[in-house]
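Peer 1: Sequence:
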Amino acid sequence: MGVGEYGPTHEPVEQLAALRAMPNLVDIRPCDANETRWAWQVALEAHDRPTAIVLTRQSVPTLDRSVFAPASMLRHGAYVLDHGASAGDPEIILIASGSEVALIVKAAELLKDAGIRARLVSMPSWRLFEEQSAEYREGVLPARIRARLAVEAASPLGWERWVGLEGAIMSVNRFGASAPGPKVLEEYGFTAQRVAEAAAALRSRTRAG
Numbered sequence: 004m005g006v007g008e009y010g011p012t013h014e015p016v017e018q019l020a021a022l023r024a025m026p027n028l029v030d031i032r033p034c035d036a037n038e039t040r041w042a043w044q045v046a047l048e049a050h051d052r053p054t055a056i057v058l059t060r061q062s063v064p065t066l067d068r069s070v071f072a073p074a075s076m077l078r079h080g081a082y083v084l085d086h087g088a089s090a091g092d093p094e095i096i097l098i099a100s101g102s103e104v105a106l107i108v109k110a111a112e113l114l115k116d117a118g119i120r121a122r123l124v125s126m127p128s129w130r131l132f133e134e135q136s137a138e139y140r141e142g143v144l145p146a147r148i149r150a151r152l153a154v155e156a157a158s159p160l161g162w163e164r165w166v167g168l169e170g171a172i173m174s175v176n177r178f179g180a181s182a183p184g185p186k187v188l189e190e191y192g193f194t195a196q197r198v199a200e201a202a203a204a205l206r207s208r209t210r211a212g
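Each residue of the sequence shown is one higher than the last, beginning at 4 in the working numbering.
Result set (DMTMM-like, lysine to aspartate or glutamate): computed pairs, CA atoms no more than 25 angstroms apart in a straight line: (1) K186 / E112; (2) K186 / D35; (3) K115 / D35; (4) K115 / D67; (5) K109 / E200; (6) K115 / D85; (7) K109 / D35; (8) K115 / E189; (9) K109 / E163; (10) K115 / D92; (11) K109 / E189; (12) K186 / E17; (13) K109 / E169; (14) K115 / E169; (15) K109 / D85; (16) K115 / E141; (17) K109 / D67; (18) K109 / D92; (19) K109 / E190; (20) K115 / E200; (21) K186 / E200.
In case anyone wonders, no lab produced these hints; they're calculated from the structure.
Working from the sequences, and respecting the hints, build out all of it.
Peer 2: Next comes the structure, spelled out in structure tokens:
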């Protein structure tokens, strides 16, 4: 959606879901240059199955790995970027892949200013995460944290598995918009402010429940 005024021909919102459904295929959607490097390493080491590395055409920031977890954690499929638990358990988990990871990083800063503790999870590969131990998956997505928001500019199909019954998904289930990339993303709600607002609302609903 962020590539410009091309409309539906450049909005393949269904492709990620299709790749993730393909047996024996490793899907990897890296969030920055460092994750891309490790995605390539994983692909080179996969001798018995194909790997699809899904890259963005937009400029994305390279995360400061002295602050965030090392990109080599991509090998696990998903990992905690920022535990958000310095003052206690996180109140909500923000999950994203690809270019949307930078978006949840910015949203977490807004949530912090509002006094809400957020855990950030980069999930570049569902397949690799599925193959981790139950203990590892629980460490990334603890069952006790029911407020989970997945952010991905693609079809929501399948994200229910990771956010649970009480979680929410910011996604795209239609195509056809034609406008400058940043404008389309804004109209679809992919801004740090909108993500923070959705996260805060979800946290309130989960608490009330």
